[in-house]
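2 protein chains.
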Amino acid sequence: MAANTISLSISSTAAASKNLHSLDSRGLIPPPTICFPFSSSKSIPGELSLSSTSISRSRMRAAGASQLMNEPANEKRSTTPPTIVEVDLGNRSYPIYIGAGLLDQSQLLQRHVHGKRVLVVTNERVAPLYLDKTVDALTRGNPNVSVESVILPDGEKYKDMDTLMKVFDKAIESRLDRRCTFVALGGGVIGDMCGYAAASYLRGVNFIQIPTTVMAQVDSSVGGKTGINHRLGKNMIGAFYQPQCVLVDTNTLNTLPDREMASGLAEVIKYGIIRDAEFFEWQEKNIEALLARDPAALAYAIKRSCENKADVVSQDERESGLRATLNLGHTFGHAIETGFGYGEWLHGEAVAAGTVMAVDMSYRLGWIDESIVERVNNILKRAKLPTTPPESMTVSMFKSIMAVSLWSK
Amino acid sequence: MAANTISLSISSTAAASKNLHSLDSRGLIPPPTICFPFSSSKSIPGELSLSSTSISRSRMRAAGASQLMNEPANEKRSTTPPTIVEVDLGNRSYPIYIGAGLLDQSQLLQRHVHGKRVLVVTNERVAPLYLDKTVDALTRGNPNVSVESVILPDGEKYKDMDTLMKVFDKAIESRLDRRCTFVALGGGVIGDMCGYAAASYLRGVNFIQIPTTVMAQVDSSVGGKTGINHRLGKNMIGAFYQPQCVLVDTNTLNTLPDREMASGLAEVIKYGIIRDAEFFEWQEKNIEALLARDPAALAYAIKRSCENKADVVSQDERESGLRATLNLGHTFGHAIETGFGYGEWLHGEAVAAGTVMAVDMSYRLGWIDESIVERVNNILKRAKLPTTPPESMTVSMFKSIMAVSLWSK
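Sequences listed follow chains A and B, in order.
At position 183 of the first sequence the residue is numbered 183 (full-length UniProt numbering), and the sequence of numbers has no breaks.
At position 327 of the second sequence the residue is numbered 327 (full-length UniProt numbering), and the sequence of numbers has no breaks.
A pair counts as met if it fits within one copy or between any two copies, since identical chains are not told apart.
Keeping only pairs whose Cα atoms sit at most 27 Å apart, straight-line, the calculated DSS-like set for lysine-lysine is:
{"hint": "1", "residue 1": "K170", "residue 2": "K157"}
{"hint": "2", "residue 1": "K399", "residue 2": "K166"}
{"hint": "3", "residue 1": "K170", "residue 2": "K399"}
{"hint": "4", "residue 1": "K116", "residue 2": "K399"}
{"hint": "5", "residue 1": "K116", "residue 2": "K133"}
Hints in this document: simulated from the structure, not taken from any laboratory.
Here chain A stands alone, though its shape is the one from the complex (with noise of 0.2 Å):
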């Protein structure tokens, strides 16, 4: 069924609507600091109504020099200075460190390592790759750190209790205890996963996200969502937990597949529409050059991406209001993921179809114009996203899941 064409009842959607509360000020219940940057009166660029500059600035810095003076001596590699964009929570306030060859800087990890034992949590596509450089970057001139890793099915479907049980039997058959860190080293399912075992592992131990993909990179890593899925819906068991530190390192992305590429960048389109015109115009510009995997073009990405949603947890961690405008598109999304088992589509994927639908909606109720609806279907088509749900997709369908995913948000 084509966006453009679903027809569900003002009473089913009503709810839904809270993902659209940011697209213009006329919503319903609008959160009291968002203005989406596209006015149904006023789309033309020179008129946005928000630009970055909104972002505070002095949450993002590059880290000196000298704060890479204590490498070891026997640190040869690339040592450039990671960007560096704070996420400020009070007394649980951390960094997320953005660079290209970061897991070569092994001070920037150790750093945040409490206890002499870690246990590394990552799953059957990702070790291969990167699990030899984490422990290496762990140990690195640190002879008395020891590191453990548990190896995790790789896939959204594999985000259950289960599978969490695995964590915990590793931990404890390595006798790790309170002083210990967990490192989360994957993409958003390893994040969730880690991320909610580090909140409940002897109720509470340090952990560190290093994300691999674009999605974690932007968004899953950030912000201290963590949890796992139940059969009837998406990150119903959880904890708001917070990292010490997120360590993106880009080059990463250099082994991502194409469509985990595309998926990523639902994300990065999502800030763009609902608080970041300016980003939205220039990802218009470049999506091609980030599909293309340009260097440059996704540092940038990243690190827009991460400020815009530092700046969101920052204000309200709970999601008690503000923060519930990142779930744009998620609605719909979350819907099509469960409706259609998970691991069918990609997050990004789904969210990108929800993000037409949810556009839609609001063109329909009359809070946006046509022009807006055009601009988001655009970038997400040239960005190699879904731009309508999968065909076996029904209302009654849509009704049945969004009835659990509306009311649990």
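Fit chain B to the known structure of chain A by using the hints.
This is chain B only, laid out in the frame that chain A set:
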């Protein structure tokens, strides 16, 4: 193997001594503010070093009649004001209400219910006794509140992930959203599981503790330790998560089996040993009255225990030091529970035997004198509690299980 003949090597028991740090100011790593009431050289009652006056009286007060003036017009039941002990944790502070017949005072409970949807988590033994009464207390004069319930099998052996999932299943099937309230109605197992479910469901919902055993009323319902067991160790998976309130209706003890009553007294006695000499002396005079369920004696023992627990938890919520003193007898005790199969011995029975072992070890290390060993032995025996571990528990069993339970503290 009798406690007084057990011979564990110093290397395997050194860590266990942390349970005993508080037993004497000459302990290896004494917590900064703890002083065992009976020093090895000063066991004369008149010279006890800690009296109950060290408990902040400001945290305990009787609720004035004004607090109960909003009772609904149809409230015909007893309205004796409860005793209130405050757990002082900043914006996570909460009251413990203690009194006979508090489940008949619906306003007490209703003022702490968030939202209009409630899930009562209870077990097969408690449900027939108190579920209807609890639902009535939640809904009387308040027809907008709807209550669901999930009835779990009874016993420590069901404090596991499979059983926990039944709580999530029920919550999701009932479409409970973030604004719901979970209510734990039962003993320590129910409180621990319901609390961890509340901490994890949709990344955290409100919950209320209604403990129905002495064990839960004086210890496990207070302080926010929640969680489940792993086959390799107790309480390995969980969260620090505080309730909105704890409601102790001492009338629920009228149906408590004698063995459960004695089990709870093990924790009451613990408070006397670790920090409240005056209370210990009172227990030595009143232990038979407690076993006979004298209402005044029980009410006093529960209040005084909660004051001690609240005082410790307020100073060290996440067990970075002082709170570990509450684990007296629990390192040996958990080994007994784990080694013997969860549920064979009640928790308090294992703690009682573990306390004797801990005290005996302290004596043999020269930290306390014999008179203390005798007083602890005597009061536990009078409370009908075991003072030696199961005969089938060998030293090697203790060693292998404590190797897990020690590092996981």
